[in-house]
Amino acid sequence: MIKHIFLDLGMVTVRLKMQNCIDAFKALGVNDVDQQITNSRQHGIFNGIELGLVSVDDFHQHVRQHYGITATDELIDAAWNAFILDCPVALQQQVRRLHEHYNTYILSNTNQIHYDYWAQQCMGGEGGCTVEECFNKCYLSNDLHLAKPDPEIYKAVLADCGANPDECLYLDDNSANVEAAKNLGWHALVSLSPEQTMEILTKFEQTGKY
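For what it's worth, this note's numbering labels the leading residue of the sequence shown as 29, then goes sequentially.
Please keep in mind that the hints were generated in silico from the structure rather than gathered at the bench. Any given hint could be a false lead.
What the hints assert, rightly or not - Okay, derived cross-link-like pairs now, SDA-like style, lysine to any residue, Cα gap no bigger than 20 Å in a straight line:
| hint | residue 1 | residue 2 |
| --- | --- | --- |
| 1 | 45 | 117 |
| 2 | 237 | 220 |
| 3 | 237 | 188 |
| 4 | 183 | 210 |
| 5 | 31 | 173 |
| 6 | 54 | 89 |
| 7 | 183 | 173 |
| 8 | 54 | 97 |
| 9 | 45 | 30 |
| 10 | 231 | 30 |
| 11 | 210 | 194 |
| 12 | 31 | 184 |
| 13 | 54 | 109 |
| 14 | 210 | 220 |
| 15 | 210 | 161 |
| 16 | 31 | 190 |
| 17 | 231 | 127 |
| 18 | 54 | 117 |
| 19 | 237 | 184 |
| 20 | 45 | 89 |
| 21 | 31 | 131 |
| 22 | 165 | 188 |
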């Protein structure tokens, strides 16, 4: 029986547009960012901040020094957050409904800058719901210093929330992350958009199956 629902952030609950981020960084003078970022896993300094190995302040400083630019922290954050489009209100409402009957969580390879932007700018608002109204807890790679599909991140999450793997349903847009969860006994599915996530969760709400 499913008792715990875990959702990834990017492309599962949040719409992304990587080109917006690339263009915004290029406007600041950062010209190779397209070689550093993807929708699911980052490289270089961008991977460092997602694993929590680099602080937000050090991230800002590295971007300025490495690329020889003078952009403010706010401009760097705005370029990095240009990656994120929105989290549909209908999905927020759906997760809040599920949260009344299940333990609901975020499990994401992400960083503090993106998380703060999502929590403050994408969640809530007119008709929306806050992070606290939707989720028991958010498990983030930058806090855990682990990243999917490393099996250790799934084990750490289970240990923290006291769940058994066969009680967990997990949605991720990356098939490698889904397979890693399945290999540990989780129920896991690929979802490539918030709309597909809503379809999967609607079926689960109505039938208890996925």
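The hints, checked one at a time:
no., hint, in the structure
1, 45 - 117, "18 Å, holds"
2, 237 - 220, "19 Å, holds"
3, 237 - 188, "26 Å, violated"
4, 183 - 210, "12 Å, holds"
5, 31 - 173, "26 Å, violated"
6, 54 - 89, "17 Å, holds"
7, 183 - 173, "13 Å, holds"
8, 54 - 97, "11 Å, holds"
9, 45 - 30, "32 Å, violated"
10, 231 - 30, "13 Å, holds"
11, 210 - 194, "9 Å, holds"
12, 31 - 184, "18 Å, holds"
13, 54 - 109, "14 Å, holds"
14, 210 - 220, "17 Å, holds"
15, 210 - 161, "28 Å, violated"
16, 31 - 190, "11 Å, holds"
17, 231 - 127, "16 Å, holds"
18, 54 - 117, "31 Å, violated"
19, 237 - 184, "26 Å, violated"
20, 45 - 89, "25 Å, violated"
21, 31 - 131, "6 Å, holds"
22, 165 - 188, "10 Å, holds"
In this structure, the hints that do not hold are numbers 3, 5, 9, 15, 18, 19 and 20, in rising order.
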